[in-house]
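Can you make the complete structure from the sequences, with help from the hints?
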Amino acid sequence: MTSRFMPLSGDPPRSRALSIALILIVLALALAPFLFPGAKPLNVAAKVCIFIALAASYDLLLGYTGVVSFAHTMFYGIGSYGIAISLYSLGARWDAIGLGLLVALPTAALLALVIGLFSLRVQTIFFAMITLAVASAFAVLASQLSWLTGGEDGRSFRVPELLQPGTVYIPRDVLGVAVTGRTLTYYIVFASCVVLFLLLLRVVNSPFGRVLQAIRENPFRAEALGYRTVMHRILANCIAAAAAAAVGALNALWLRYTGPDTSLSFSIMLDILLIVVIGGMGTMYGAIIGGTLYVLAQNYLQALMGTVSTAAGEAGIPILPQLFHPDRWLLWLGVLFVLSVYFFPAGIVGKLRGGPG
Amino acid sequence: MSELLTLSGVETHIGRYHILHGVELGVPEGQTTMLLGRNGAGKTTTLRTIMGLWRASGGEIRFGGERIDALSTPAIARAGIGYVPETMAVFSDLTVKENLVLAAREGEMDQTRLDWIFGFFPPLRKFWLSRAGTLSGGQKQMLSFARSLIEPRRLLLIDEPTKGLAPAIIGALIDCLKEVKRRGATILLVEQNFRVAQAIGDTVGVMDNGRVVHAGTMAELVADEAMQQRLLGLSLDTHQ
Numbered sequence: 044m045t046s047r048f049m050p051l052s053g054d055p056p057r058s059r060a061l062s063i064a065l066i067l068i069v070l071a072l073a074l075a076p077f078l079f080p081g082a083k084p085l086n087v088a089a090k091v092c093i094f095i096a097l098a099a100s101y102d103l104l105l106g107y108t109g110v111v112s113f114a115h116t117m118f119y120g121i122g123s124y125g126i127a128i129s130l131y132s133l134g135a136r137w138d139a140i141g142l143g144l145l146v147a148l149p150t151a152a153l154l155a156l157v158i159g160l161f162s163l164r165v166q167t168i169f170f171a172m173i174t175l176a177v178a179s180a181f182a183v184l185a186s187q188l189s190w191l192t193g194g195e196d197g198r199s200f201r202v203p204e205l206l207q208p209g210t211v212y213i214p215r216d217v218l219g220v221a222v223t224g225r226t227l228t229y230y231i232v233f234a235s236c237v238v239l240f241l242l243l244l245r246v247v248n249s250p251f252g253r254v255l256q257a258i259r260e261n262p263f264r265a266e267a268l269g270y271r272t273v274m275h276r277i278l279a280n281c282i283a284a285a286a287a288a289a290v291g292a293l294n295a296l297w298l299r300y301t302g303p304d305t306s307l308s309f310s311i312m313l314d315i316l317l318i319v320v321i322g323g324m325g326t327m328y329g330a331i332i333g334g335t336l337y338v339l340a341q342n343y344l345q346a347l348m349g350t351v352s353t354a355a356g357e358a359g360i361p362i363l364p365q366l367f368h369p370d371r372w373l374l375w376l377g378v379l380f381v382l383s384v385y386f387f388p389a390g391i392v393g394k395l396r397g398g399p400g
Numbered sequence: 128m129s130e131l132l133t134l135s136g137v138e139t140h141i142g143r144y145h146i147l148h149g150v151e152l153g154v155p156e157g158q159t160t161m162l163l164g165r166n167g168a169g170k171t172t173t174l175r176t177i178m179g180l181w182r183a184s185g186g187e188i189r190f191g192g193e194r195i196d197a198l199s200t201p202a203i204a205r206a207g208i209g210y211v212p213e214t215m216a217v218f219s220d221l222t223v224k225e226n227l228v229l230a231a232r233e234g235e236m237d238q239t240r241l242d243w244i245f246g247f248f249p250p251l252r253k254f255w256l257s258r259a260g261t262l263s264g265g266q267k268q269m270l271s272f273a274r275s276l277i278e279p280r281r282l283l284l285i286d287e288p289t290k291g292l293a294p295a296i297i298g299a300l301i302d303c304l305k306e307v308k309r310r311g312a313t314i315l316l317v318e319q320n321f322r323v324a325q326a327i328g329d330t331v332g333v334m335d336n337g338r339v340v341h342a343g344t345m346a347e348l349v350a351d352e353a354m355q356q357r358l359l360g361l362s363l364d365t366h367q
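Protein sequence lines correspond, in order, to chains A and B. Numbering of the first sequence is given in the working numbering, commencing with residue 44 and proceeding in unit increments. Numbering of the second sequence is given in the working numbering, commencing with residue 128 and proceeding in unit increments.
Heads up, a few of these hints could be off.
[Said to hold, decoys possible] The following residues of chain A were derived to be distant from chain B, with all beta-carbon distances above 12 Å: (1) I66; (2) A71; (3) F113; (4) E195; (5) P208; (6) L227; (7) Y230; (8) C281; (9) T305; (10) F309; (11) H368; (12) V381; (13) Y385.
[Claimed, not checked] DSS-like, lysine-lysine: derived pairs with alpha carbons at most 27 Å apart: (14) B:K305 to B:K267; (15) B:K267 to B:K290; (16) B:K224 to A:K394; (17) B:K224 to B:K290; (18) B:K267 to A:K394; (19) A:K90 to A:K394.
Think of the hints as simulated: they come from the structure by calculation, not from any bench. For every residue, glycine included, the Cβ atom is placed at its ideal position computed from N, Cα and C.
Encoded structure:
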């Protein structure tokens with residue numbers, strides 16, 4: 044594992060347990076269509092890929108640059124809407140996907156540049172407030188411009204034929220699973236997220252990434268060495284925004300739909316924040332661990348609690364059926380989050396690497 | 128000898144506090160100038176004002192004849208001024224190597240210069256790939272110091288490098304400073320330890336209440352015990 048990662052980033056996992064966990068997760072995601080057949084498991088696997096890449100792009104900002112942004116879902120939304128509007132307007136064509144990306148990625152980077160120029164010159168708390176305001180304004184705008192975005196209903200669109208579920212690539216099932224356009228779409232999402240993650244890992248371990256870490260630790264000290272802290276922060280913001288937009292485009296392609304709830308919701312912002320904190324800020328690998336655990340909990344905790352609640356009810360145990368009622372899954376997710384922050388202040392990856400907590 | 132750095136009537140306000148009241152100071156090229164004075168006299172603020180970390184509210188600062196008081200801190204650093212703060216200023220999350228690479232222009236370190244630095248500070252070679260946060264206080268100070276030496280600078284601003292260090296490490300620092308000086312570097316050094324100041328200083332500025340109240344050669348100050356008493360409230364004899 045170490046030797047595989049060294050040429051890519053010079054930043055190996057530095058923990059046997061972490062290396063094993065990462066290998067298992069990557070293998071499970073790579074073989075997900077065949078290991079976990081069915082629409083829901085594949086949907087969860089795609090969501091895990093998407094949230095890993097999205098959280099990694101946010102870790103570049105929060106963990107490596109020390110910048111708190113609430114506009115990350117806005118950039119994610121720009122990518123989603125870019126693909127959605129393009130495919131909706133031009134039809135299910137590959138060049139529409141290309142055009143959507145060609146417009147969305149620079150738009151996200153440009154907007155990040157403008158926000159950064161206006162607000163990263165001052166304290167980062169001011170930047171956080173500005174991003175919150177801009178993200179809220181963008182969400183309202185997306186909702187109001189219904190002729191373009193579909194408003195609150197969002198936009199459903201068709202994808203090119205090769206990606207459609209009805210397209211069968213191999214007439215006979217492979218390992219009991221039909222290989223269709225949906226399978227191909229999953230592998231496009233998976234491969235793109237792997238490439239994005241490796242690119243981000245390379246960025247944070249480049250000389251530029253080291254300067255970001257220095258700025259996060261002490262901006263004045265970094266300035267005294269001759270580094271323009273504002274320009275470095277802005278560039279990090281632009282890279283993170285473009286990466287988030289790319290992930291948003293993948294999400295839209297997977298869902299064949301874009302709407303405020305799936306791309307601009309503030310709850311997605313909270314999800315990313317929790318994933319980065321639970322996984323371990325400033326580690327990149329934390330996005331893989333945190334993203335996997337969080338999306339699995341989000342999708343299966345409710346069902347697990349339902350089973351526990353029913354079993355407890357049948358056994359005649361008092362209180363437990365109410366306590367583990369599936370409707371209370373968010374409460375338990377919150378408890379899990381508080382416990383993980385309490386016991387692993389440096390995140391799961393920080394703990395596995397032998398850091399504090 | 129011409130002055131590489133000149134401060135003329137420099138005023139600095141921090142918030143509502145008026146810290147520097149018209150500092151006049153010249154740092155001759157190729158010499159080591161000691162900035163002495165009691166705690167709170169304005170020595171650190173003077174260095175931070177030169178670096179642009181506090182903005183001068185009045186007067187002018189010239190470096191190599193050019194005004195630098197309106198420049199940003201990165202621009203001042205790139206003009207050739209290295210700064211070693213007093214607080215063991217390392218980047219804890221980065222390794223010793225990464226700390227030094229950050230200070231090297233274009234990220235390339237000169238191996239000969241690196242070996243020269245290792246000669247003075249062997250622990251830096253030993254802990255080359257260790258996180259700086261895990262080093263001892265003395266090792267952090269060595270690293271902070273080494274970072275300012277990894278590239279030749281026209282001027283080094285060093286703030287109390289011996290503060291809180293063991294005598295053996297102070298010795299290594301003095302040897303290193305002497306060697307840097309021998310190579311022709313210009314240094315402005317804030318130091319509380321008069322023995323250290325005497326060992327390496329050529330010229331001296333004594334500060335009190337945000338002003339330079341005395342400027343002259345170190346030899347004059349060392350020879351004149353009454354002046355030491357009057358300016359610094361000490362004498363070499365009581366500081367042995």
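Quiz item: Is the hinted pair B:K267 and B:K290 satisfied, with a Cα-Cα distance of at most 27 Å?
Solution: Answer holds: B:K267 to B:K290 is near 12 Å, not above 27 Å.
Quiz item: B:K305 and B:K267: Cα distance at most 27 Å?
Solution: 20 Å, holds
Exercise. Check the non-interface label on A:T305: least C-beta distance to chain B beyond 12 Å or not.
Key: 36 Å, holds
Quiz item: Far enough from chain B: is every CB of that chain over 12 Å from the CB of A:F309?
Solution: The claim holds: A:F309 sits with its nearest Cβ about 30 Å from chain B, beyond 12 Å.
Quiz item: Is the Cβ of A:P208 more than 12 Å away from each Cβ in chain B?
Solution: Given a closest Cβ separation of 47 Å, the condition holds.
Quiz item: Is it the case that A:V381 keeps its Cβ farther than 12 Å from each residue Cβ in chain B?
Solution: Consistent with the label, A:V381 stays out of reach of chain B, its closest Cβ about 26 Å off (over 12 Å).
Quiz item: Beyond 12 Å from chain B, beta-carbon-wise, is A:L227?
Solution: 41 Å, holds
Quiz item: Beyond 12 Å from every Cβ of chain B: is that where the Cβ of A:I66 lies?
Solution: 25 Å, holds
Practice problem: Check the non-interface label on A:A71: least C-beta distance to chain B beyond 12 Å or not. | Solution: The assertion about A:A71 holds, with a minimum of 31 Å to chain B.
Self-check item: Interface exclusion of A:F113 relative to chain B, criterion Cβ beyond 12 Å
Solution: Given that every Cβ of chain B is farther than 12 Å from that of A:F113, nearest at about 25 Å, it holds.
Exercise. Quick one: work out the minimum CB distance from A:Y230 to chain B and report holds if it exceeds 12 Å, violated otherwise.
Key: Non-interface label stands for A:Y230: nearest chain B Cβ at 36 Å, farther than 12 Å.
Quiz prompt | 27 Å limit on alpha-carbon distance, applied to hinted pair A:K90 and A:K394 | solution = Distance ~25 Å between A:K90 and A:K394 Cα, so the pair holds.
When each numbered hint is compared with the structure, no violation occurs for any of them.
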